[in-house]
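Colleague: Those sequence lines, one after another, are chains S, L and R.
Numbering-wise (this note's numbering), the first sequence opens with residue 1367 and increments by one.
Numbering-wise (this note's numbering), the second sequence opens with residue 1367 and increments by one.
Numbering-wise (this note's numbering), the third sequence opens with residue 1367 and increments by one.
It should be emphasised that the hints constitute simulated quantities derived from the structure, not laboratory data.
Some hints here could point you the wrong way.
Heads up, simulated BS3-like pairs for lysine-lysine below, C-alpha to C-alpha not over 25 Å straight-line [stated by the list, open to error]:
1. R:K1377 x L:K1554
2. S:K1377 x R:K1558
3. L:K1474 x L:K1447
FRET-style restraints, in silico, Cβ to Cβ [what the hints assert, rightly or not]:
4. L:G1535 x S:G1535: 41 to 47 Å
5. S:G1624 x R:E1369: 30 to 36 Å
6. L:H1453 x R:A1467: 31 to 37 Å
7. L:Y1633 x R:K1554: 50 to 56 Å
Just so you have them, the derived chain R footprint on chain S, three or more residues with Cβ under 8 Å [said to hold, decoys possible]:
8. 1393 to 1407
9. 1615 to 1625
Beta carbons: idealized from backbone N, C-alpha and C, even for Gly.
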Amino acid sequence: MTEYVAMELTKLRAKTPLVHFITNYVTANDVANAVLAIGASPVMADAIEEAADMTSIASALVLNMGTLNHRTVAAMLAAGKRANERHIPVVLDPVGAGASAFRTETVKKLLAELRVSVLRGNLSELSCVSGLNVATKGVDVSAEDAENDARAIAKSLADRFGFVAAITGSMDVISDGQRTICIQNGHKEMTKVTGTGCMASGLVGAFAGAGAGMLTAAAAGVAAMGIAGEAAYEKIGETGTGSFHIALLDALSRLDAGMFLERARIYEA
Amino acid sequence: MTEYVAMELTKLRAKTPLVHFITNYVTANDVANAVLAIGASPVMADAIEEAADMTSIASALVLNMGTLNHRTVAAMLAAGKRANERHIPVVLDPVGAGASAFRTETVKKLLAELRVSVLRGNLSELSCVSGLNVATKGVDVSAEDAENDARAIAKSLADRFGFVAAITGSMDVISDGQRTICIQNGHKEMTKVTGTGCMASGLVGAFAGAGAGMLTAAAAGVAAMGIAGEAAYEKIGETGTGSFHIALLDALSRLDAGMFLERARIYEA
Amino acid sequence: MTEYVAMELTKLRAKTPLVHFITNYVTANDVANAVLAIGASPVMADAIEEAADMTSIASALVLNMGTLNHRTVAAMLAAGKRANERHIPVVLDPVGAGASAFRTETVKKLLAELRVSVLRGNLSELSCVSGLNVATKGVDVSAEDAENDARAIAKSLADRFGFVAAITGSMDVISDGQRTICIQNGHKEMTKVTGTGCMASGLVGAFAGAGAGMLTAAAAGVAAMGIAGEAAYEKIGETGTGSFHIALLDALSRLDAGMFLERARIYEA
Chain S
1367 MTEYVAMELT KLRAKTPLVH FITNYVTAND VANAVLAIGA SPVMADAIEE
1417 AADMTSIASA LVLNMGTLNH RTVAAMLAAG KRANERHIPV VLDPVGAGAS
1467 AFRTETVKKL LAELRVSVLR GNLSELSCVS GLNVATKGVD VSAEDAENDA
1517 RAIAKSLADR FGFVAAITGS MDVISDGQRT ICIQNGHKEM TKVTGTGCMA
1567 SGLVGAFAGA GAGMLTAAAA GVAAMGIAGE AAYEKIGETG TGSFHIALLD
1617 ALSRLDAGMF LERARIYEA
Chain L
1367 MTEYVAMELT KLRAKTPLVH FITNYVTAND VANAVLAIGA SPVMADAIEE
1417 AADMTSIASA LVLNMGTLNH RTVAAMLAAG KRANERHIPV VLDPVGAGAS
1467 AFRTETVKKL LAELRVSVLR GNLSELSCVS GLNVATKGVD VSAEDAENDA
1517 RAIAKSLADR FGFVAAITGS MDVISDGQRT ICIQNGHKEM TKVTGTGCMA
1567 SGLVGAFAGA GAGMLTAAAA GVAAMGIAGE AAYEKIGETG TGSFHIALLD
1617 ALSRLDAGMF LERARIYEA
Chain R
1367 MTEYVAMELT KLRAKTPLVH FITNYVTAND VANAVLAIGA SPVMADAIEE
1417 AADMTSIASA LVLNMGTLNH RTVAAMLAAG KRANERHIPV VLDPVGAGAS
1467 AFRTETVKKL LAELRVSVLR GNLSELSCVS GLNVATKGVD VSAEDAENDA
1517 RAIAKSLADR FGFVAAITGS MDVISDGQRT ICIQNGHKEM TKVTGTGCMA
1567 SGLVGAFAGA GAGMLTAAAA GVAAMGIAGE AAYEKIGETG TGSFHIALLD
1617 ALSRLDAGMF LERARIYEA
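Excised from the complex, chain S in its bound form (with noise of 0.2 Å):
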């Protein structure tokens, strides 16, 4: 995997996708640094006027739940059906689900409606989304599966709605409901910034509309967003958390092939 996942670097690289974000204002600034950091290039457009248009032109659309409103919900279906209809890959990142009825509600709506490619956020979001009565053509989740464990939840969540589910946390678990992959980069710092999860997601995003498959998209933004935050800390120490949000940046930018085959740990779960 990790061979992979450092030639899809390699390849987005050279391509420099553009991908479409409708994104939460807190971190938008950071997300299009780690996009472009990585290579890609990032446009920003929400409005319902654009959204599909702004889609259609794009290799990928991440869309990020972080300060959604009615205006922003009403796009993301926008740009996600065109999306959809185009074949271009969704990246959802599900901020906050279940910490308000609206946000459980759009998640609800976003999976009901679109297809999406990679879903990606932490233990809480993705156990809230595996929670939910969707209505979906998949097998439902055991009761088995329900349990609160990453592995469980990842795949059942891959198996029953098709996508790729990326649990991000101490460890990440990443499944396409066929391989279930634990990453094992990162540094505890990185919850001390915040948007690293929303950057992450922004990789991912990057690395699909490279055209790497979703599993490696997923591992890949995944990985490079980890071995960036343990460079950062080898640089940074114990300066602050302001020179090691800038030292993450940094450190993407630099970001090569050989890095990821160096310091990537992917394995098998």
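We have chain S; now place chains L and R onto it with these hints.
Modeller: The following block gives chains L and R in isolation, referenced to the frame of chain S:
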């Protein structure tokens, strides 16, 4: 006072309270990172569909008028009412009060409909609030108090509205009506980075969410920001405002009770 | 020209003009910090209820189409009309013009309803504007001028609309129709950080607000950004795009007339 403030920092880091923000998109990233750096957990959510729900799960609510619009003002009212019902502290940052009729009307409406716990702004903003003809059950401002003087304005606002008024500037003044405190921390380079006021209000929310009394929370948040500014300038000097900005966040993330005791210059006025 | 531009920087730092922005949420923080760094005072406000009022108290207005929506387009029109009534300069940054019908229609509407002072964008964006069938009292673009050439496009746009056209790229071209100027500052690393174009437009607004003529303001803002890019790269080298981003802001905050005289490469075309 300084000892209390230092203890509150230790308490905050142990509790990691969730703080709900309805805030502007210019400084939202810095506010989130400042709040993480001090040890709390921020959530930004401004949709009317979820504003009250998010407040319900938070330990404090911070309303910042920086890039308000009619949609977010409605969300502020809904969130604020829920906070009042649940006895969750409300910090209001009346950014730009007085600069437009819309902002002046908005702060008037928020103060008329909500019980605010701490009002933090600069002298110009709080002078504007002081001149408002808001129907309250408090004591009216006397002519003498209306002098353009931070101490008098802070005290009279606190008397009249029953909140803690915090006026930040080259010297910070904080009053609950009974006690008035001056803080002499900070560095003038802070005026060259956008969002240091928004970050201070966010820190006040974090301390309030951790259970500090409102006067202590206001003093702790404002002093923390000032100490971070001094530490950042000591480290960065004249390198430039970009590096100073990052060093501010570094300093907040490494602030501890000992630094507070050593550096805080908090006096009874 | 270089001497005039250097003098304008000294004037700007003495005046600290207020600049009103209706701008995108991706780069708003960087734009505000760049404008503070150069010596002006930014205010971001996009509610229709206050857009015109904020423009009234400002010395320049900057309209940036980065994350436009129907609400902010209405605010841009209201603010722009007020600016025109009060003879306040208007800088328009047509981000993404041509990328969606909505953006193309919006720039068409803004140019039809407002008198713009400076239009700053990249070659693709200004080529789009050049191809618009906007009813104006200016001279139509001849077939010869329509060649995909920055000098011809800048000059013909300036002739036709009566504004200063500034096309930034590896070489920047600025024209008021009478005079066309080329600027050869900048560094390619700037394309790896989002918002360098938005920051340049913000700086043009700052110089215009300090009273510079429009050609001089455009040259000063664009050259300042380019010089900052060079200085940042000299300091940071290949460390990474995060550090480069911060060094850009450092350089803007420390730019002075002497650096301008030494580094600016501004030529009559």
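Colleague: Run every hint past the structure and note whether it holds.
Modeller: Evaluation of the provided hints:
The straight-line distance between the Cα atoms of K1377 of chain R and K1554 of chain L is roughly 21 Å, inside the 25 Å bound, and the hint therefore holds. Distance hint between K1377 of chain S and K1558 of chain R is fulfilled; the C-alpha atoms sit about 18 Å from each other, no more than 25 Å. Under the criterion of a C-alpha separation no larger than 25 Å, the hint pairing K1474 of chain L with K1447 of chain L is consistent with the structure, at around 15 Å. The hinted range of 41 to 47 Å is satisfied by G1535 of chain L and G1535 of chain S, whose Cβ atoms lie roughly 43 Å apart.
Judged by the Cβ atoms, the range 30 to 36 Å given for G1624 of chain S and E1369 of chain R is violated: they are separated by roughly 49 Å. At about 51 Å, the beta-carbon gap between H1453 of chain L and A1467 of chain R misses the expected band of 31 to 37 Å. Look at Y1633 of chain L against K1554 of chain R: about 53 Å separates their beta carbons, and that is inside 50 to 56 Å. With 6 residues bearing a CB less than 8 Å from a CB of chain R, the segment 1393 to 1407 of chain S meets the requirement of three and the coverage assertion stands.
Remark: the segment 1615 to 1625 of chain S is confirmed as covered by chain R, as 6 of its residues place a Cβ nearer than 8 Å to a Cβ of that chain, reaching the required three.
This entry does not satisfy hints 5, 6, going by the numbered hints stated previously.
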